[in-house]
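**Q** For chain E, the structure is supplied; the task is to place chain A on it using the hints.
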Amino acid sequence: MIISKPKKTKIEWTKHLLISPALLFFVALTIFPLLFTLFLSLNFWAVSGEHHWIGLGNYIKLFQDSIFLTSLRNEFIFVIFGVLFEYIFGLLLALVLNQLTRGLRLIRLAVILPFAATPAVVGCIWKMLFDQSYGPIPDLLHKVGLTSPAWLTQPLPALFSIIIVDIWEWTPFMFLIIFAGLKSLPKEPFESAMVDGASSWRIFWDLTFPMLMPTTIVVILLRTIEAFKIFDIVFLTTAGGPGIATISTTLYAYDLGLRTGNLGYAAAMSIILLIIVVLILNVFLKTIEWVRRRSVLQKREEALK
Amino acid sequence: MKKILLWVGVLTLGLGLLITGCAQPSTPTQTISASPTPSATPAKPFEGVNITVAVGSFMAPGVKMFVPEWEAKTGGKITVVEIPFGDLYSKLLTSFSSGAGTYDVAIYAANWIPDFAEAGYIMSLEKYYPQKDNWNDVLPVMQKAMYVKGQRYSIPMDGDIIFGYYRKDALENPEYQTKFKEKYGYDLAPPKTWEEYHDIAEFFTGWDWDKDGKPDWGCLEALGPHDVGPYIFLTRAAAYSAYPGKPGSFFFDPDTMKAQAANPGFVKALQDWIDIKKFGPPEMVTYGGGDMRGNFVAGNFALGIDWADVGIMSQDPEKSTIKGKIGYFLAPGSNDVYNYTTGQWDHFDGVQYAPYLGWGGWHASIASTCKHPDAAWDFINFIDTTENAFKAVTTPGTARNPYRYSQFVPDRWKTSAVKYDDSVDQYLEVQKEGMTHPNAQYDLRIPKAGRYIDALDKYLSQAIAGQMSPEDALKAAAQEWDKITQEVGLDSQKAVYRSNYGLAP
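These protein sequence lines are chains E and A, in that order.
The letter at position 151 of the first sequence is residue 151 when you use the working numbering, and the numbering goes up by one with no holes.
The letter at position 327 of the second sequence is residue 327 when you use the working numbering, and the numbering goes up by one with no holes.
Chain E with its partners taken away, still in its complex shape (with noise of 0.2 Å):
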């Protein structure tokens, strides 16, 4: 018998050479700041240029930093709950304008005015309205006979109120990509359930989510690598205040190397978040994964009983 020898694949060089141009600005853009970064911050850099390598020190110093790791708690704290909140509002939303035949249009571009909102305005905005002294929300609670809490005065209504602005913020965000992925949704099993008599929660639970399960993983690690990200929210309402109640890494990474021009400090932050975010995703990706293989074992065990 004639084993061939595999055919040489021939170098196509045109066609790298025609993305070239793509792939460079790519490496331009990307990977050089990335690789930069991480360069930047095994060194001592100030903003004025002066430089000298001091390997792990400004990682091993990150770690008696107070501050940062007060920093860290709070990123933590919003992409929970913050996530968490946003990706239900946004299911409920999807799901009760899933049901509208009226007027959708218009209630869509309510919804997701918020997500189009300039994130500086969205920040004063909330800040207007959280201020105890004028502003509407501790106004309105006053005249119904509650007690407002200080908003943006005291370390724990302070967290919660940025977690609030974020919700409002983002929600639609959420809410719009839900919404595609419940339209995209074949029909049939649907109308199959209810010829059935199955109940809405029954349908929910057994059709529903479960085929929205790949948005809903897009969506939440789409959102949860923005959130890690906050900066705006936090740098208008509260700047990070009362004292570091509310300061996030992103924000923390800003004073020290754009103010006080610690830039190689501020760039091992970064590094240090990216892992950090890096590592949440793998996690959260391989028990997506581990959850689908398990009920797919259900499923065979089930049939084959």
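Check each hint, because a few of them may be wrong.
Covered, in the sense of this in silico footprint (three residues per stretch, anywhere, with C-beta under 8 Å from a C-beta of chain E), are these stretches of chain A [said to hold, decoys possible]: (1) 91–100; (2) 276–285; (3) 341–355.
Subject to a maximum C-alpha distance of 25 Å in a straight line, what follows is the list of computed DSS-like cross-link-like pairs (lysine-lysine) [to be verified]: (4) Lys61(E) x Lys258(A); (5) Lys286(E) x Lys229(E); (6) Lys168(A) x Lys181(A); (7) Lys181(A) x Lys143(E); (8) Lys246(A) x Lys149(A); (9) Lys391(A) x Lys319(A); (10) Lys179(A) x Lys278(A); (11) Lys278(A) x Lys143(E); (12) Lys149(A) x Lys494(A); (13) Lys432(A) x Lys132(A); (14) Lys371(A) x Lys391(A); (15) Lys319(A) x Lys64(A); (16) Lys483(A) x Lys494(A); (17) Lys143(E) x Lys214(A); (18) Lys483(A) x Lys258(A); (19) Lys475(A) x Lys61(E); (20) Lys168(A) x Lys419(A); (21) Lys483(A) x Lys61(E).
No lab work stands behind these hints, which were simulated from the structure alone.
Cβ coordinates follow ideal geometry from the N, Cα and C atoms, glycine included.
**A** Quick look at chain A alone, frame taken from chain E:
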């Protein structure tokens, strides 16, 4: 054939990219044209010259108001880049140190002049000063702030001193005076000490003393982070720490450069500052200078601490409800001052004042990278002519406060475009008294001054929020100050610091 066409396409694309990459970039913010083409009789001296001016947000109106006239007169073009107050130091430092030459003129705090001058970021203006015909009109305390090693590096735009404001309808009300005396045992009057300030603020908190139907507050100050907070705090700290007759005792020990930020005087000042939170609105802990000014002139506060801006804004009928109701007082002092040499508090029979020239005043310098220094000088000199300077300091919202003898004439203010009321006499008197006081304290004027203030700001905000005790917060700030001093160079910092106070090296 196809392959040949493909190769032609690739080569064309590559050539195109190469040509684009080699082309000179045009930078919209720095379209500095070539020097004006000489002609027999140039109509305008700086035709085609573009000058980029970087200025802190508060001061921007005080620059922009003169741009059209200068441009019409000279043919030059001014691009004003407004930088948020809290970011001004870092933005200027980044621009200067990178050598990017983004700005031709920088308008910033006088206390940063030594920093920028020592680093070679700004040029000496000595060669231009013979052209200046109104130099002697500048108050000596402002003149001194401009010199670095005998050379002037800036033109003054503003005189800064932080002092106090009070509502006359509160403190001069006979009924309130009687009640105050019953409660505190002394006469109600503008406070001379910070203890009196505390008492008056407490007295006027929580009731409707201005009869507008809403409860009012005792005081209003800018306690917010990333803004003017540190300067307002240092106004208090100076009273307890700037020992009379010991120049240089305020920020550092002038012999060792050990930071004084954690001494008992500073700690007492911070405790005082935290105590007054309850006499102002809850949002006061987030207020910057702009918030403080806008709210104070809207009414509801018996006392306030700020630069001279509140006084000018109070005259603006669109923003102010307190025109004619406002009085002024020198920043309170103390009968007890901390002596850093003995480590003890010293008691004085009379109140010891230490008026604080926070920020040092806005000054304009020309960047070393400026390609048209003559035009730049012409512009900054233009906005400091005697007439223009007076116009600026009497216009609300320019952040320019009096700094020339000719500006301390009350009658000129009463007949200016903004008709000041009679309180302008006291307004100007308090400022002049502070600026000429024998124990007046300059702001910190050593290299990296901005970093020291930022470090202080970071820990002040945590103490105000209750996350650190005043002692711990100031200890951390002092440690960071010492670290910055070591980083920059103890000997060089000490030399500059001592020279600022006229101390032998």
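**Q** Now look at each hint and say whether the structure bears it out.
**A** For each hint, the structure was consulted:
no.	hint	result
1	91–100	holds (count 4)
2	276–285	holds (count 4)
3	341–355	violated (count 0)
4	Lys61(E) x Lys258(A)	holds, 23 Å
5	Lys286(E) x Lys229(E)	holds, 23 Å
6	Lys168(A) x Lys181(A)	holds, 17 Å
7	Lys181(A) x Lys143(E)	violated, 37 Å
8	Lys246(A) x Lys149(A)	holds, 22 Å
9	Lys391(A) x Lys319(A)	holds, 19 Å
10	Lys179(A) x Lys278(A)	holds, 21 Å
11	Lys278(A) x Lys143(E)	holds, 23 Å
12	Lys149(A) x Lys494(A)	holds, 14 Å
13	Lys432(A) x Lys132(A)	holds, 23 Å
14	Lys371(A) x Lys391(A)	violated, 30 Å
15	Lys319(A) x Lys64(A)	holds, 21 Å
16	Lys483(A) x Lys494(A)	holds, 14 Å
17	Lys143(E) x Lys214(A)	holds, 16 Å
18	Lys483(A) x Lys258(A)	holds, 10 Å
19	Lys475(A) x Lys61(E)	holds, 19 Å
20	Lys168(A) x Lys419(A)	holds, 19 Å
21	Lys483(A) x Lys61(E)	holds, 14 Å
Hints 3, 7, 14, counting from the list given before, are not met by this structure.
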